[in-house]
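Trainee: Each chain is listed here by its residues.
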Amino acid sequence: MEHGPRDDSARPRLSTSRFVLLLLLAVLFGPINAFADALNDVRGRGALRWGADEEGGAPFVFRDREDPNRLVGFEAELMERIARELNVESRFDQAQWDQLLPYLERGGVDVVVNGYEWTAQRARRYLATRPYFAYQFQLLVRRDGPVHCWADLRMPKSGGGRWRVGVLIGSASLTTAEQLGGPAVEVITFPGATDAMLAARNGQIDATLQDLAASQYYLNRPEFTELGAAGPPEGLGYYVMYLRPGDEKLRDAIDATIVSLIDSGELKTIYQRYGIWTPAQELLAKYQRREATLVGQEGRWLDPSMLARFLPSLLTSAGMTVLLSVASFPLAVLLGLVIAIGRLHAPRPIAMVLGAYVELIRGTPLMFQLFVLFYLLPELGLVLPALAAGIAGLAINYSAYEAEIYRAGLQAIPDGQMEAALSLGMSRRLALGRVIVPQAVRIVIPPVTNDFIALFKDTSVCSVITLTELTKQYSILANTYGGVIEFGLAAALLYMVMSLPLSWFSRWFEARLNAEESAGGAS
Amino acid sequence: MITVRGLVKRHGDLEVLNGVDLDVKRGEVAVLIGPSGSGKSTLLRCINGLEVFQGGSVAIEGAERLEAGCPERVRSRVLATVRRRVGMVFQAFNLFPHRSVLENVTEAPIHVLGMSKAEAEDRARALLARVGLGEKLDRRPRQLSGGQQQRVAIARALAMGPEVVLFDEPTSALDPEMTGEVLGVMTDLARDGQTMVVVTHAMRFARQVATTVHVLGQGNIIESGPPSAVLDDPREEATRKLLKAEAAAP
Chain A
1 MEHGPRDDSA RPRLSTSRFV LLLLLAVLFG PINAFADALN DVRGRGALRW
51 GADEEGGAPF VFRDREDPNR LVGFEAELME RIARELNVES RFDQAQWDQL
101 LPYLERGGVD VVVNGYEWTA QRARRYLATR PYFAYQFQLL VRRDGPVHCW
151 ADLRMPKSGG GRWRVGVLIG SASLTTAEQL GGPAVEVITF PGATDAMLAA
201 RNGQIDATLQ DLAASQYYLN RPEFTELGAA GPPEGLGYYV MYLRPGDEKL
251 RDAIDATIVS LIDSGELKTI YQRYGIWTPA QELLAKYQRR EATLVGQEGR
301 WLDPSMLARF LPSLLTSAGM TVLLSVASFP LAVLLGLVIA IGRLHAPRPI
351 AMVLGAYVEL IRGTPLMFQL FVLFYLLPEL GLVLPALAAG IAGLAINYSA
401 YEAEIYRAGL QAIPDGQMEA ALSLGMSRRL ALGRVIVPQA VRIVIPPVTN
451 DFIALFKDTS VCSVITLTEL TKQYSILANT YGGVIEFGLA AALLYMVMSL
501 PLSWFSRWFE ARLNAEESAG GAS
Chain B
524 MITVRGLVKR HGDLEVLNGV DLDVKRGEVA VLIGPSGSGK STLLRCINGL
574 EVFQGGSVAI EGAERLEAGC PERVRSRVLA TVRRRVGMVF QAFNLFPHRS
624 VLENVTEAPI HVLGMSKAEA EDRARALLAR VGLGEKLDRR PRQLSGGQQQ
674 RVAIARALAM GPEVVLFDEP TSALDPEMTG EVLGVMTDLA RDGQTMVVVT
724 HAMRFARQVA TTVHVLGQGN IIESGPPSAV LDDPREEATR KLLKAEAAAP
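Protein chains in written order, with the numbering used here: chain A, 1 to 523; chain B, 524 to 773.
No lab work stands behind these hints, which were simulated from the structure alone. Be aware that a few hints might be false.
[What the hints assert, rightly or not] Label-pair restraints from in silico Cβ distances: (1) A:Ala346 / B:Ala652: 37 to 45 Å; (2) B:Asp661 / A:Leu315: 44 to 52 Å; (3) B:Pro620 / A:Gly319: 39 to 47 Å; (4) A:Pro446 / B:Asp645: 33 to 41 Å.
[Claimed, not checked] Partial selection, computed: residues in chain A whose CB lies under 8 Å from chain B: (5) Gly416; (6) Leu422; (7) Gly425; (8) Val435; (9) Pro438.
We put the CB at the ideal spot given by N, CA and C, even for glycine.
From just these sequences and the hints, can you work out the full model?
Mentor: Following this line, the structure appears as structure tokens:
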């Protein structure tokens, strides 16, 4: 794993608007890399700015339990030491984990330190320090489950299907799991390490591959007593810090400090304090840089063939986006209509319950609702597959909004319409179905279409419950292979291509209804 | 045909009707007149249950008697029968704007009476021809004049074959040149023996068509009788004042 374990709390995903803004920023500020060496800036400023995501949590970077103003974690202490060596102050800057490298590129920080493993793709775009940590992975399973080591996962699963192994999104555990697992393994990505552990405990997945150090830290927590380590640690890789190309002097200064910390045994002391000193850390001392740098070898821009190669996976995830939208929205509209009618026409107690439902659903974030459906319902014995939870979550969330739109639409119909229908002998139900609702539908088409487009984009939130839709796929690809701009533009284009027809369809539908109403207009 | 006894209707503390008795016989045209706020429209709306009343009862021939304060379940059951037998025409027409003229008229026969579409359309065409709108079947209500819309509304009420038709100020929302066409249709209906209860300010219509004129004032009927008696030789001072005011109105 390259990113630390996280809290169970919801983490905001990249919204489409933020994502476009980010693209713009990346395009505007991307080229300003060719500054003088950042080491001078750091000295001049008197502060070394380093970026990490606190949500990564212990043991990487987190707030002290006793004093929430104090930043602790082995990476925080490491940066403290490096800054002291440079005679400057250590200044932490919070950013969402998968946005840290773009943030670095924009000049927001001087160095990114947050469990990023060394990869060839990243080394082409950024300057890497020497390793400061050797990571390994540990397979975690339910103690009473059928899996006891990776070898079990290579054998067919009883009852058919593939073994489901959870990993942290965008992390090295993803590639490790894919390499270790054979055809019998399906790798599922989670937004946080503890989310994957919860899912493993709930039985929603068969196992999870976690950072060895972090898993030891978390296995002690009471909610994970059903989980245990299966087999020996797997994989081995280095965490490095990343800097902007051209900042070799700063990089060398950091490298020198890391070496001195290793040699003095101080690094070991820090790591032992966090319980993460493993035998593998001995490798850190033996590391020797094999090449000057890889930076610039392939240029800043992604090879277009890369984009072509991953277009199918972008399209597949776009398909998931469409599936989530078209499956959930009709449900939301139907549910919303029933709620709106109930609030206006049902007996008072029912109307009040429905009103409370609307307030509850509107008052809580979609992401929280998805967490409840996917991670908390299993505690009550209801295990929903991710797709079902995603569709249900979107439908429930949007039903509250549709209900309010419909309520407004229904109230816009004059009372005389209901009276006329009743006086013709219609029951209330028939009057609603034949007279009131058909008129209300015409009024609500524009706001409902708006909501459909909003829901369409909100499907990206479903990535928190392991569904790989377009935004998540973009995030995975951009993190794994670089190409924030290229993959980003491709994803944005796909969103546009998919949502434009929606707008067109809605305009056409409205025009058709209007034409129908003035049919026979020529006298 | 209609028997109203001791009808009491309150809006909060305000007593709109305070114990009204009313009888309408089959084939009769009962016209309700009175100053605004006298409760005449409310009385009409109590007859087909659009208003809930707090005291007394309303009985329509062929349906259970509707008593004040009866359980909701009983009320819906009684009204289901009552509303099939009692049609209503509103001041604001209340046509269904999303349906054509023809569909406005066939909607209830098809979905309430279970009539076949073909039969309902045949009858609707005949009714619309009778009110002079045989050529406008496919129009939408908003493409018609007010007078035309009100005539469609009359055809719509008649399509259910009602025993009684209630008219709630059917010409009050119309320009003077259009009131004639609507009153003409109503006069024809009365001649054909249709039982009608009409709330109106159209005194000439009342004089020519009414069997009985009921004058309402302060929540009750203060004077009833044939138009010749009530309109030409009123007993009550309030009726005289009302007639003077109506005569002065444009």
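Trainee: Take the C-beta atom of Asp661 of chain B and the C-beta atom of Leu315 of chain A, compute their distance, and say whether it sits inside 44 to 52 Å.
Mentor: With Cβ atoms ~47 Å apart, the hint holds.
Trainee: Hint validation: Pro438 of chain A versus chain B, beta carbon distance must be below 8 Å. Holds or violated?
Mentor: It holds, given that the least Cβ distance between Pro438 of chain A and chain B is near 5 Å, below 8 Å.
Trainee: May I ask you to test the interface hint for Gly416 of chain A with respect to chain B, counting a Cβ-Cβ separation under 8 Å as satisfied?
Mentor: 4 Å, holds
Trainee: Should the hint that Val435 of chain A touches chain B count as held when the rule is a Cβ pair under 8 Å?
Mentor: Val435 of chain A check passes; min Cβ-Cβ to chain B is 6 Å, inside 8 Å.
Trainee: Given the hint of 39 to 47 Å, check if Pro620 of chain B and Gly319 of chain A actually sit that far apart at their C-beta atoms.
Mentor: 41 Å, holds
Trainee: Using Cβ atoms only, decide whether Leu422 of chain A comes closer than 8 Å to chain B, and label the hint accordingly.
Mentor: Holds - the Cβ of Leu422 of chain A comes within 8 Å of chain B, reaching about 6 Å at its closest.
Trainee: For the range 37 to 45 Å, tell me whether the beta carbons of Ala346 of chain A and Ala652 of chain B fit it or not.
Mentor: 42 Å, holds
Trainee: Quick check on the hint: Gly425 of chain A CB to chain B CB, less than 8 Å?
Mentor: OK, holds: Gly425 of chain A within 8 Å of chain B, min 4 Å.
Trainee: That 33 to 41 Å hint for Pro446 of chain A and Asp645 of chain B (C-beta), does it hold up?
Mentor: This hint holds: roughly 39 Å between Cβ atoms.
Violated hints are absent here; each numbered hint is respected by the structure.
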